[in-house]
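Undergrad: Residue strings, one per chain:
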Amino acid sequence: MKLEGKGISVEIRERELVSGASLHLSGGELVGLIGPNGAGKSTLLRAMLGIRDTSAGEVLLDSKAFLSLPARERARYVAFLPQERRVEWRLPAYDIVMLGRYPHQATFGSASSEDRAAVNRALDAVDGHELRDRPVAVLSGGERTRILLARALAVEAPLLLVDEPTAALDPYHQLHVMEILRDRARSGAGVLAVMHDLALAERFMDRLIVMNSGSIVADGPPRSVLTPELLASVYRIAGSPPQRLA
Amino acid sequence: MKPPVPYPLLIAGLAVFVVALAFLSMIVGPATAGTFELFDMMAHEKADVAWMIMREVRLPRTALALLVGMTLGLAGAALQGFLRNPLADPGIVGVSPAASLGAVLALYTGLSTAIPLALPLMGILGALLCALLLHGLARRGGVLTLVLAGVAVSSLCAALMSLALNLSPNPYAAAEIMFWLMGSVTDRSMDHLLLAGPLMALGWLILAASARSLDALSLGEEAAAGLGVNLARTRTLVITGTAISVGAGTAVTGGIGFIGLVVPHILRPLVGHTPSRLLLASALGGGALLLAADILVRVVMFGSELKLGVLTALIGAPFFLWLIFRARTELES
Amino acid sequence: MRSARHMSRRPIRRLHVAALMTCLSALFTSAADAQARPQRIVSMNLCTDELLMRIVDPSRIASITYLSQQPINAPLGLDAVASKLKVNHGLAEEVLMQEPDLILAGRFTSATAVNLLRKIGYKIIVFDPESTLDDMRANIRKLGEAVGEAARAETIIADFDNRLTALQAQIPPGEKPVFADVGVNNFIAGENTLYTHVVNASGYRTLGQALGFSGFRNVPLEEILSTRPALISTATPWTSPPSMSTMALRHPALRAIVENTPQVSIPERYTTCGAPSLLGAVEILVAARKTNG
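Residue numbers (our numbering), protein chains in the order written: chain A, 1 to 246; chain B, 1001 to 1333; chain C, 2001 to 2293.
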């Protein structure tokens, strides 16, 4: 299965957040989407998912128009873990993971044995069985990320888009999360993750896509992408000290 | 957290409670008429009058207390789930004030004395207009826009109701408007039940269709959208369902506050915090609470009958305060 | 009481058939009777209470409102009658239990209960609030006809008019001075209100007339100060718990006027309804007019 974005642009009040971005994600690969803050990575992800309107371009799933599919069908093909880690109410972890089965269930349906099996597999994948009855609201950052990741895995979609999965985690948990994503890719799913940690990206990713100011500026294997020239022009690391970019 | 009671058991328990209260409501009369006077009448060859009172007075009253209570509990739970805010209630989106305004206008213009059902019909019209206005105002914005639009509609309706009181032609008409605003199910007829009942049921179905989306919304709007939740559709369902059911209820009973706020709160831990499971539980809980309150106003008499809306506010306001204090201590600890 | 009733059930059961027969025959005769003259009349409005008590024999009254038994509301000279009658609180259920053959109601009172009773099929006559003395006379006639006592109604009107004429004869000649009643809820009566008609009939103008408006209105203190009333009303029993009307009178700006102006106190029950109790107010005002000129 292959998800492809062609010439995607996103505008908000005359301002272009993403301009003419083209990228693709195939089953079995683990791809990193990197770039400085404000480069348009999250916006591009949302546009690919159909959560955000595009002003130009198209998204194709195996060469068919992806965005004209019903929302629930889209959700069955492409799972999404947004950056937001807040969970309302004091829902137990198990129920949160079960929400990953939403696209598979009817409006008035309840959980099937297949749904429960998928939730158990997802909890296996993140090693989260001991957390299943605890409210997500009281979990630590690492635990919460694992449970929310399990929620995205429970969709059992062929493709998975993840926004900053390692944000605000200590090194141990960062590695843990990256291993989960890599296992997922090795088992055949296509995984695209927005990343900030270049070292982690270089170590785990099969391919990196670099964005800067709304455009894709590089796409290829980590070693060929992360050149000193690119770091200097995109991240302003070599010449001048790091600055805060809005 | 795991619910302390299994869900089916909780629902069955609440249902039994509701049935018991409805039965009690059918046999308890107003204190001034003699609480159990009906039994004496049945024993003294006045059975026909007793049965007529059961059928024409207590049945519609009991049914309306039950249905309106259910509506308020259900709509409160749906709105709290949709807005992801435990302090939301049907009043916050302006539906009940709009229904009240419609009804007050029927009283003010004298339409209600000419046509008895003009009062609830105008109330329903007010609620529907409010829903249309909210759709227009909040179509592009998010949850905050919806809440602000609701607050604006509520304030406008409150101002127009005050204007009607202010300009009311005579003190009697003003008093009538004020009494109506206090909220009551006393002496409603089968006509009221037949008018409001089907509309409330329609509103429930619409709200129920939003149930699973509310669960997904626990993860935030983005994650929910990523799971295939259509946010615009969910908003339409919640607003329309609330407007139709609460509008129809308010149009018949007047303003009854705090049920929609308090009931979901009490029951949320018992259903394991799941928004969709809270809907049915809150509906039953709301029905039980309003039935109990309506029995209480009959038993406790202060000269004349206490208005139902006054009683629910008397119970609800301190609870609301306690809620705020508890939330504060949780935040500070 | 309750246990006594339980004990009496057995013999009644035994006489079941006989009792039922008696009841049925009684029902038919009373139904025919009621056609002409209702025998179990319920009044659900304070003002119809008074008219009803004046027009029919108490034995034909099934109930009046609980308000008429309160001392502050009891109509002039009817306290003794009212205290012996059954009462209702405007609830349909109470009224049904009293098995009325005629129900009297006000336009603005217990509207939901009245609608319900009408729907069930009870005969209900609704009375509009009176804004003139002629309205009052019309309502007395209407009620008299409804209960089959047209002649009695005419007598009451004639008595009222005779007494009113006698009182008016005592009013000193000259222009009508202003009587200021900073009323309950700050309502001041202007033209076209029953209150104003009563005050006029007693030889005064109301503050509202002096200020030149119609109906009831909230008047700011400034406007009240712009007039020089010849007589003011002070707290009535209704307002003796602190209320806006008495508070307004304590305002320093008013105090000077209050201290230098003659005062009267008119009980609320003399002015609430368009009914013969109005004479109570007329007596007080005419007496004041005689004393103060």
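There's no promise every hint is true.
To be verified - Not the full set, but computed from the structure, chain A residues with beta-carbon under 8 Å of chain B:
{"hint": "1", "residue": "15"}
{"hint": "2", "residue": "19"}
{"hint": "3", "residue": "51"}
{"hint": "4", "residue": "107"}
{"hint": "5", "residue": "188"}
Stated by the list, open to error - So, partial list: chain A residues that the calculated Cβ filter (under 10 Å) puts toward chain B:
{"hint": "6", "residue": "46"}
{"hint": "7", "residue": "50"}
{"hint": "8", "residue": "89"}
{"hint": "9", "residue": "152"}
These are computed hints drawn from the structure, not numbers from a lab.
Glycine included, C-beta positions come from ideal geometry on N, C-alpha and C.
Undergrad: Now look at each hint and say whether the structure bears it out.
TA: Structure-based check of each hint:
1. 15: Not OK, violated: residue 15 of chain A not within 8 Å of chain B, min 17 Å.
2. 19: 22 Å, violated
3. 51: Holds: closest Cβ of chain B sits about 4 Å from residue 51 of chain A, inside 8 Å.
4. 107: 6 Å, holds
5. 188: 21 Å, violated
6. 46: 7 Å, holds
7. 50: 8 Å, holds
8. 89: 4 Å, holds
9. 152: 8 Å, holds
Consistency note: the structure conflicts with the earlier hints numbered 1, 2 and 5.
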